[in-house]
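In the order they appear, the protein sequences are chains A and B.
With numbering that gives the first Met the number 0, the residue at position 85 of the first sequence is 84, and numbering never jumps.
With numbering that gives the first Met the number 0, the residue at position 12 of the second sequence is 11, and numbering never jumps.
Restricting the straight-line Cα-Cα distance to at most 20 Å, the calculated cross-link-like pairs of lysine to aspartate or glutamate (EDC-like) are:
#1 Lys476(A) / Glu488(A)
#2 Lys301(A) / Asp149(B)
#3 Lys497(A) / Asp115(A)
#4 Lys301(B) / Asp149(A)
#5 Lys359(B) / Glu304(B)
#6 Lys444(A) / Asp423(A)
One-sided and incomplete, this derived list gives chain A residues near chain B with beta-carbon spacing under 10 Å:
#7 Pro107
#8 Gly151
#9 Gly163
#10 Ser170
#11 Ser185
#12 Asn197
#13 Asn200
#14 Asn208
#15 Asp212
#16 Gln214
#17 Ala234
#18 Tyr237
#19 Ser240
#20 His241
#21 Gln243
Read the hints as simulated data drawn from the structure, not as lab findings.
For every residue, glycine included, the Cβ atom is placed at its ideal position computed from N, Cα and C.
Number of protein chains: 2
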Amino acid sequence: MKFLVPAFTLLLSSFVLSAQNSPASQRPNIILFLVDDMGWMDTSQPFGDSVMPLNRKYHTPNMERMAREGLLFHQAYANPVCTPTRTSLISGMSSASTHITNWTSITPNQATDYKDDQLEAPQWNVSGISNVRESNTYLCPKPLPQLLRDAGYFTIHVGKAHWGSLGTQGSDPMNLGFVVNIAGSSLGHPQSYYGEQNFGNMPGKTTFNAVPDLQAFYGKDTFLTQALTQKAIAAMQYPISHQQPFFLYLGHYAVHLPIQPDKRFLDKYLAAGLDSTEASYATLIEGMDESLGNILDFLKAKGIEKNTVVIFMSDNGGLANSGRGGIRNTQNAPLRAGKGSPYEGGIRVPLMVKWPGVVKPGTKTNNYVGAEDFFPTVLDIAGIKPITAIDGISYLGILKNPGIKINDRPLLWHYPNRWTVNEDEGYAWSSGMRYGKWKIIYLMKQQKLELYDLEQDLSEQHDLSASNPQKLAELAKRWTLVLKQRGAELPVWKNTGKTVAWPDELINK
Amino acid sequence: MKFLVPAFTLLLSSFVLSAQNSPASQRPNIILFLVDDMGWMDTSQPFGDSVMPLNRKYHTPNMERMAREGLLFHQAYANPVCTPTRTSLISGMSSASTHITNWTSITPNQATDYKDDQLEAPQWNVSGISNVRESNTYLCPKPLPQLLRDAGYFTIHVGKAHWGSLGTQGSDPMNLGFVVNIAGSSLGHPQSYYGEQNFGNMPGKTTFNAVPDLQAFYGKDTFLTQALTQKAIAAMQYPISHQQPFFLYLGHYAVHLPIQPDKRFLDKYLAAGLDSTEASYATLIEGMDESLGNILDFLKAKGIEKNTVVIFMSDNGGLANSGRGGIRNTQNAPLRAGKGSPYEGGIRVPLMVKWPGVVKPGTKTNNYVGAEDFFPTVLDIAGIKPITAIDGISYLGILKNPGIKINDRPLLWHYPNRWTVNEDEGYAWSSGMRYGKWKIIYLMKQQKLELYDLEQDLSEQHDLSASNPQKLAELAKRWTLVLKQRGAELPVWKNTGKTVAWPDELINK
Chain A
0 MKFLVPAFTL LLSSFVLSAQ NSPASQRPNI ILFLVDDMGW MDTSQPFGDS VMPLNRKYHT
60 PNMERMAREG LLFHQAYANP VCTPTRTSLI SGMSSASTHI TNWTSITPNQ ATDYKDDQLE
120 APQWNVSGIS NVRESNTYLC PKPLPQLLRD AGYFTIHVGK AHWGSLGTQG SDPMNLGFVV
180 NIAGSSLGHP QSYYGEQNFG NMPGKTTFNA VPDLQAFYGK DTFLTQALTQ KAIAAMQYPI
240 SHQQPFFLYL GHYAVHLPIQ PDKRFLDKYL AAGLDSTEAS YATLIEGMDE SLGNILDFLK
300 AKGIEKNTVV IFMSDNGGLA NSGRGGIRNT QNAPLRAGKG SPYEGGIRVP LMVKWPGVVK
360 PGTKTNNYVG AEDFFPTVLD IAGIKPITAI DGISYLGILK NPGIKINDRP LLWHYPNRWT
420 VNEDEGYAWS SGMRYGKWKI IYLMKQQKLE LYDLEQDLSE QHDLSASNPQ KLAELAKRWT
480 LVLKQRGAEL PVWKNTGKTV AWPDELINK
Chain B
0 MKFLVPAFTL LLSSFVLSAQ NSPASQRPNI ILFLVDDMGW MDTSQPFGDS VMPLNRKYHT
60 PNMERMAREG LLFHQAYANP VCTPTRTSLI SGMSSASTHI TNWTSITPNQ ATDYKDDQLE
120 APQWNVSGIS NVRESNTYLC PKPLPQLLRD AGYFTIHVGK AHWGSLGTQG SDPMNLGFVV
180 NIAGSSLGHP QSYYGEQNFG NMPGKTTFNA VPDLQAFYGK DTFLTQALTQ KAIAAMQYPI
240 SHQQPFFLYL GHYAVHLPIQ PDKRFLDKYL AAGLDSTEAS YATLIEGMDE SLGNILDFLK
300 AKGIEKNTVV IFMSDNGGLA NSGRGGIRNT QNAPLRAGKG SPYEGGIRVP LMVKWPGVVK
360 PGTKTNNYVG AEDFFPTVLD IAGIKPITAI DGISYLGILK NPGIKINDRP LLWHYPNRWT
420 VNEDEGYAWS SGMRYGKWKI IYLMKQQKLE LYDLEQDLSE QHDLSASNPQ KLAELAKRWT
480 LVLKQRGAEL PVWKNTGKTV AWPDELINK
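Based on the provided sequences and hints, a complete structural model is requested.
Structure below.
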């Protein structure tokens, strides 16, 4: 079972050289700049091999700047929806292992699965992740922020958390190891982006989606993205002035629904001919990009740019199913589908890492990485002893040597749930695995496997399952083994009470 | 004008010996345990000379413990209502100087004065205190938490803030110098004390009084006081593990309205014959006392008890005007009146200080101190260079030598506002000054001065203004001078547009 303990682990990781924790004083600051629902194409900085039409739609000069100053991943992945990614980021586990396979509700113990006539979701951890044993949560006693904090990091959370439902320990980022929490709770999207609307905090109208902690901006024309940026900058001051290494998790609520325009940028997108929804969406993108610029500028002004690692990523693919302007499923073109789907549009995300002196500026890599790799990578960067028995693998080796070639690694997106009303394009009861250039997809309701060669077919238009049954069988077997090893769960047929078949069982049929 | 620069300042303060900041590592931790609306008699620990009937009503074993382990002030004062006290605590200024003379509304730029036919309140700072120049706020560029933070303290705010209205910088404790803020905003009282009611955060019912940041307790049977205590204890872990001195401002929402029973303690008070309101109130007191015990136990368990100063106080006198059980204005007996009044029931509060090795256990002092003295005292304790031109005076000298006798110091409660519907017992348009054993009160609407000898007449039943006109005149003159020096404002007669007379002008009449 060589593929379960990949040989490249030793090449990738610097754990071998740093089995002991290094002193806190030598550790770099680490910033995760996490965007919500941002697609791979939602930027003027191409993440593909060339400039494509959608790249011309957006203006993200600070992402371009970051690409010039750091390493860009052509093939970085997150999960199809947000909580599974966010819980993978801080646990190092894939969603197949955490059993947090769908987004968590604000209400505890409440599954968010869309009702289905034929299939029933398995008993997944509907309340999210927790640092203590709680019902319907995945137990992670030492989430990443806690490990960093234990090692001397000042840990700051700003923005969207969405790790657990209200009433659970995981709903409060401070219970997951953050020293400071600003605006993070159980909510998955903001009630309002507008300071004028108190970000939703309006008696009589306040829902659980009202953004907490930003009271100084109430009634002001400060957009949520700006407010979070200002709070993040203010929060960094303490560790900087005390020469303590810090970890900043800046989880922007942007660019998730509701698509409310950031009026500072709106006119130019309307002038460019975008419909009002898409123009508004583009302003969410540009406001987020401005925030990135503010953060980079701040690091420079404080003289800590060289000792700060900035990691930019999104938590899932761009929304393409509904709620956006234009024709459905075109918003991530040339990638297929979008958020909620295991096709590339739903899972491939922008990822860039800037680390002066370590990461060579203006470099790119074709190696694929996943959300669960963030955990061991950050520990590796911080010089903290490795945590064993996790699904993720440190990509510090890629940061140092982007040209390295890694193909013998299974990366999984397990989503045995129904997300929403639409069932096309993998939006319901799906799973996927990447292995080398291959992508295998399982559409459970259809009891169908698909096979794609991503090197030849980025848009997943040519299913090779029929033409290459040998590869399909090999991958299905491999995949099933990993799924079972991780304790992955499958949906149940309502008429028989039996779970759907494992991928390799479809081959044997 | 000797009394404006009291000779005892040098005796009281250790500033002379510590003109330079001392190193952060040598500084003691400082905890302010601040109770809301707790009266001087709301405890089984007598703050008077003997056990009085109301002391038998309450059970506060941890306050008794603290009295055994520290210094008790028989005559400590706050302001008649809460925001003036809270802004004095962090600015060192009396309300006559800050022009924050009444409680601040959650809504910015909105005076909270009760409507009156004859008098109009002056233009006071209705939006509270701010670290930057903002309309309708008192500018305090370096509030106490900021000074402590600048000197190396890790500053934590937990609980009720109420320093500024929504949309102002002062509404967010982090802008006032706190590194961490939990549950503090513009609200002056909680929508609900119950975790089962999410402390008020219930879509459709949520008001601005819903308590923020406690989402992990939603739906649980955790009382607000417990939740805040647990969060405070969790927040202290970071500075303790990093050997950084910390300042914890634990501002309990208890025992302010709504008087919701903490059911764990209710039965015994009902069994003792208290009516349901008073029994419920007593449970708020006992829950608060339990919190004090939890904090003291935690310090001991962490081995930092000896290097931690704990200051216990309340922000104004106990409520006696309405909303309580029993006969009006008896709830602070033998003190007269209650919250909102310059009579002793409205301003005299419990104050105890525990500092092993510095403050002698089980000691008491008759020296009187005010809310504005907290600021210079804490700086003095922390070994931080004095701030000049403030109204408050350090009482570190009293902590070290409780037997010292200080009588030549004017202490003011300036309240040129109408608090509520009732106008009796000083609840509207009032001002007061303590000087030595004397207390002078100005009832502005009645254009009347009263004089009391507190040594002989703790209950302020014998107005000596007629029998001792010489002392009255002397104090009125002294008082007017201090009021004018501080820029104090007076209400305006609606019919003439003129301000009411200064105290000394009444004497000349």
